[in-house]
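Student: Sequence:
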Amino acid sequence: MDGTILNTEGIHFKSIIELISPPKDHHVFKKFCHGKTDAEVLDQILSDNLSPALTLQEFLSKKEQAFRVLIQKAQINEIIAPQIRDLIQKLHIHNYQQAIVTSSERLTTQFLLDLVQIESHFDQIITREDTIENKPSAMPYRFAMEKLKTIPEQVLIFEDSSVGIKAAKASGAHLVKAMWYEN
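For my numbering, add 24 to where a residue sits in the sequence shown, where the first one is 1.
You can trust all of the hints, since none of them are fake.
Pairs of lysine-lysine, DSS-like flavour, derived with a Cα cap of 30 Å:
| id | residue 1 | residue 2 |
| --- | --- | --- |
| 1 | LYS173 | LYS201 |
| 2 | LYS97 | LYS114 |
| 3 | LYS193 | LYS54 |
| 4 | LYS38 | LYS86 |
| 5 | LYS97 | LYS54 |
| 6 | LYS193 | LYS173 |
| 7 | LYS193 | LYS114 |
| 8 | LYS54 | LYS86 |
| 9 | LYS190 | LYS114 |
Derived by calculation from the structure, the hints in this document are not laboratory data. These numbers were taken from a predicted model, which means no experiment stands behind them.
Model the full assembly from the supplied sequences, consistent with the hints where possible.
Tutor: Right under this line is the structure:
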């Protein structure tokens, strides 16, 4: 979702940067964060001593708070490109099943979908809490396919991150590398 449907990777990154000190090489850290779960990012922050000890729940709460402040400053067309919204709507109108498979938390996912008002076009929304394993495991994609009652050969996955691409390939589905929001 982040980086494929929504142009929110940079905002997630900025909200993480607000929580760490001293500032790290932003390009290196951004590359590390891309597509990773918040638990993986927190592990890296703590191992690099970039923040006082935080529990995952404290980190998620502080990051979510910073993220919501930052996202409120953005225009909707900056968050979701009109062409992406149109594609999602056309696929929905023509009765193609659509699912979101994201490494984001359900709370953040729901907030963003409410903000851009596209949730009704999706048949399934799979967040990191829905499966035991997260990307790069294929489990989230396989779970979505199971819920949609489909097979990998009939699925097209759009992915932007290296961990997401690994997961998509491992699922056996067709893959399109999403590059429309790359900076």
